[in-house]
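Undergrad: Take a look at the letters that make up each chain.
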Amino acid sequence: MPGFDLPRVEEKIDNIVLPPILKTIRSKTFGSEARELFMLDDEYTNLNHGSFGSVPKAVHEASELLSRYIESNPDRYIRLEHSALIDAARAVVAEHLGVDRDTCVFVSSVSAGIATALRNFRWSPQDFIVCSDVIYDTISSSVKEICQGEHRPQRSVFELKLPLSHTSILELFRRHLRSLRTQIQAVSTDTDSTPGKIVVIIESITSSPGILMPWQEMVRICRSEYALSVVDAAHSLGQEVSLDLKAVDPDFWVSNGAKWCYAKRGCAILYVPFRNQDMVASGVLPGLIYGSPSGISPTRFVWQFYWSGLMDPIPPISIIYAIKFRQQIGGEILIQKYCHELAVRGGRRMAEIMNTTVLDSPANNAEVIANMVNVELPLSASTKPSAEIQFLFSQELFETHKLFATCFVWQDKWWSRVSAQIYNEIGDFERLAKALIDVCGKITATR
Amino acid sequence: MAEVKTLHFESNPPPFGHEMRKCFSFDPEYINMNHGSYGSLPSPVAEAIKPYYAMAEANPDLFHRFTSIDLIRNVRERMAKFIGAAHTDEVVFVPNASHGLNAILRDFIWEEDDIICSCNTTYKSISKTAQYISDIPPHPEYSQFTILFPTTHNEIIENWRTYLQSLNEARARSAHRLGRRPKIVAVIDSIISVPGALLPWKEMVKICKEEDVWSVVDAAHSIGQELDLNLADADPDFWVTNCHKWLYAKRSCALLYVPKRNQHIIKASFPTSHAYISPKKRTGPNFVEQYEWNGTLDFVPYISASCALDFRAWLGGEHVINAYCHRIAIEGGKRLAQILGTEIIDQDQDFQFTLNMVNVAVPFPATMSSDFEIDMAFRRKLLIKKKIYPAFFYHNGKWWTRCSAQVWSQVSCLLHSYFPHPPAGSIPGRRF
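Chains A and B supply the protein sequences, listed in that same order.
Last residue of the first sequence: 718 in this note's numbering, with the numbers rising by one and none dropped.
Last residue of the second sequence: 831 in this note's numbering, with the numbers rising by one and none dropped.
Chain A with its partners taken away, still in its complex shape (with noise of 0.2 Å):
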């Protein structure tokens, strides 16, 4: 295979980390003109970036390469070259990061990330376990499982009854953890027991609705507390930038590479500062060690990541070709300055047209916006949510309009959470807003 016939691995690396399909990529506008960057089908308007993410058709393809090349010797690649190229991805996101590289590690999935955190404390029924009440559905169920039976913690929700400015947020947040604090503090004196400890989930940017929190700081108020922080940040990588985790130092942090990010589904990062590592004593799935290369062994934390069974090897690698790619074509401040602009933009372009209003702080500073923004449908609350409800939505929006966001009820109103990427443009927007008048109508007609 040209280019791939290099006895050294690291010279090897230097090829695969940069096929020459990435190397001819250069900047285009964004908007309607960079729609060709990627495979979406030419007729269908893509306004849910956030839920599934889209690869870039240079992605895909250097993937492809990839893929070929692992099949023409899949021993040699697995058993030889697979860990140089995670430490490879490794270290490309860590450096995105600001850590350093042994410090990240590849889940298959955020979900198995927070899992892997949350399944290596050992708990007893003093503990805590904080989330707020719009945490994600399947982070809920993991929280729920693990405050099943006898000797387990007792969760705790932190409401959050937005519209708040990240000033509130932050004030509720600090009085929770101190009352949960004097709480422990006196069933530990009553009982002349070991203190039970604070084990908080903060949600960097919410799933529905999509509102960017205060994270950092809250991180902060965590270390301030004596809480721990595990941070779901799902939509982060390629949605925040300057993710400096140095500065932040959460507990454990886990986000998606093929949310935000571009790379091929599959592909999540758990961050684990050292102070920490020795605590995942075993990864969800007990590594199966195979021999290092370089012949350096990694930290026994980094060890038990590299294998839990023979998975497609592919997206953790993609991350270095996605994060190529975003370099190439503007650098990550221009791709969320646009996407960023244009959230807020369009999201108060569609509350004009559907005559309702932007899901933001009080003082309507889209200081909770990133890239996602929600928008209020014209549907009266007395809809309620429903199956049925559901797919006449999909069904509408994909084959009547061509297009797609999330529709859901929260806080007894319908909303809908539109996300902005750099092959959308205002006119997406506007023909979102149009559309689901029209589909909101047809709902309301039929009750």
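Any given hint could be a false lead.
[Unchecked claim] SDA-like, lysine to any residue: derived pairs with alpha carbons at most 25 Å apart: (1) B/K786 - B/C422; (2) A/K328 - A/E304; (3) A/K328 - B/H463; (4) A/K415 - B/C422; (5) B/K733 - B/W713; (6) A/K673 - B/R464; (7) B/K605 - B/R576; (8) B/K680 - A/A658; (9) B/K666 - B/E691; (10) A/K468 - A/I455; (11) A/K655 - A/V405; (12) B/K582 - B/T466; (13) A/K299 - B/C422; (14) A/K415 - B/K679; (15) A/K415 - B/A571; (16) B/K449 - B/T466; (17) A/K328 - B/L461; (18) B/K680 - A/K673.
Keep in mind the hints are simulated off the structure, nothing from the lab.
Remember, it's a predicted structure, so these values are computed and weren't measured experimentally.
Could you slot chain B onto chain A? The hints should help.
TA: Relative to the frame of chain A, chain B by itself:
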């Protein structure tokens, strides 16, 4: 409802042997003799799944929320029939066997004095899982059953019965002390990984039933290598197999089988699914729903299992494929043993341990120890320099090579293997 399209082929398949390499993507200079480790994706299957990838990217929401769910249900039904499960809803997809087995072993509610047992030949990460479960509270006991080759199926069956009986005696003593009866959970390989050997797993499962022991079968190598699987008949308590090993599906794709009677054991998938219901709130099984979505993954490998079955049908079907592979394994293994002056690990005249993998001793002195460096040396010298590779392992005082016979293999492949003999009088443990 969306259905996976059946593959149709215009021409006849190439004959088995080197010509069959046309259907795979191997480096022309490389001879793959280790299909058993990582499987291989046939080019027609790689082509057949491209439209599903295009679908996933053309409209990610439509694909992930609707189409893929239907397609995967389709394929589950086909796979359930293929393995002889009584119901489609006893079979779900998981990314790989380790994943499935871990989920099962962690789903048990372990108590003190329970026993979890595996064999010395159990796949390492699975025996580590068992060890880990014993390491965390409430510390069930970890016990190991020993299989040493050369042996016979009958000997293993006898020993297994004796072993389980002894575990039962220990359990009776615990029960008397505790006032309740602990459980025993046994992990059994259907086909051991190293050595690559078929065990009398169905008889071992029967004995488990007689001795009131849970049987968790690691059948990673079974599908596509073991013929006429009929799980309703064999009736293990749990059974997991990798479709991306011998069945030609894309990595990663595996099946987890849990008969309806055991679905109440399933607490939670990994990671926990949004469809998880608290056990105390359940009104029925919560199995299939929990395994329909475990994070946004690449679901096309699950779909590829169906395309792989179509490809195999084109080649002539399961019996034709495996008859060829089995013949090459036996003939090739005999020839290799002859050339090396050593023996095949399967000493039974009917080769009851051998399906498509054959294990031949490497002519090292008896003093050559198990050494990671030796395994790495094999990789460097064979995989890189000689461009041919079977697996290597150390068992019962000897080094062995495990050769996988596949539809592209010929006896001459095994003869191309080159083993540098240490010169006579060499120092044991010498690095070369």
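Undergrad: Given the proposed pairing of A/K328 with B/L461, does the C-alpha separation stay at or below 25 Å?
TA: holds, 19 Å
Undergrad: Taking 25 Å as the top limit, are the C-alpha atoms of A/K415 and B/K679 close enough?
TA: holds, 12 Å
Undergrad: Between A/K468 and A/I455, is the straight-line Cα distance small enough, at 25 Å or below?
TA: Holds: A/K468 and A/I455 sit about 8 Å apart, inside 25 Å.
Undergrad: Hey, B/K582 versus B/T466, does the alpha-carbon distance stay inside 25 Å?
TA: violated, 42 Å
Undergrad: Is A/K415 within 25 Å of B/A571, Cα to Cα?
TA: violated, 35 Å
Undergrad: Checking one constraint from the list: CA of B/K786 to CA of B/C422, max 25 Å. Satisfied?
TA: holds, 19 Å
Undergrad: Compare the distance between the alpha carbons of A/K415 and B/C422 with 25 Å, and conclude whether the hinted pair is satisfied.
TA: violated, 48 Å
Undergrad: Do the alpha carbons of A/K328 and A/E304 lie within 25 Å of each other, as the hint requires?
TA: Answer holds: A/K328 to A/E304 is near 14 Å, not above 25 Å.
Undergrad: Does A/A658 lie within 25 Å of B/K680 when you go C-alpha to C-alpha?
TA: holds, 21 Å
Undergrad: Assess, step by step, whether the Cα of B/K605 is no farther than 25 Å from the Cα of B/R576, and give holds or violated.
TA: violated, 28 Å
Undergrad: Would the pair A/K655 and A/V405 pass a check requiring their Cα atoms to be no farther apart than 25 Å?
TA: holds, 18 Å
Undergrad: Verify the proposed pairing of A/K328 with B/H463, using a straight-line Cα cut of 25 Å.
TA: holds, 19 Å
The structure does not agree with the numbered hints 4, 5, 7, 12, 13, 15, 18 stated previously, though it agrees with the rest.
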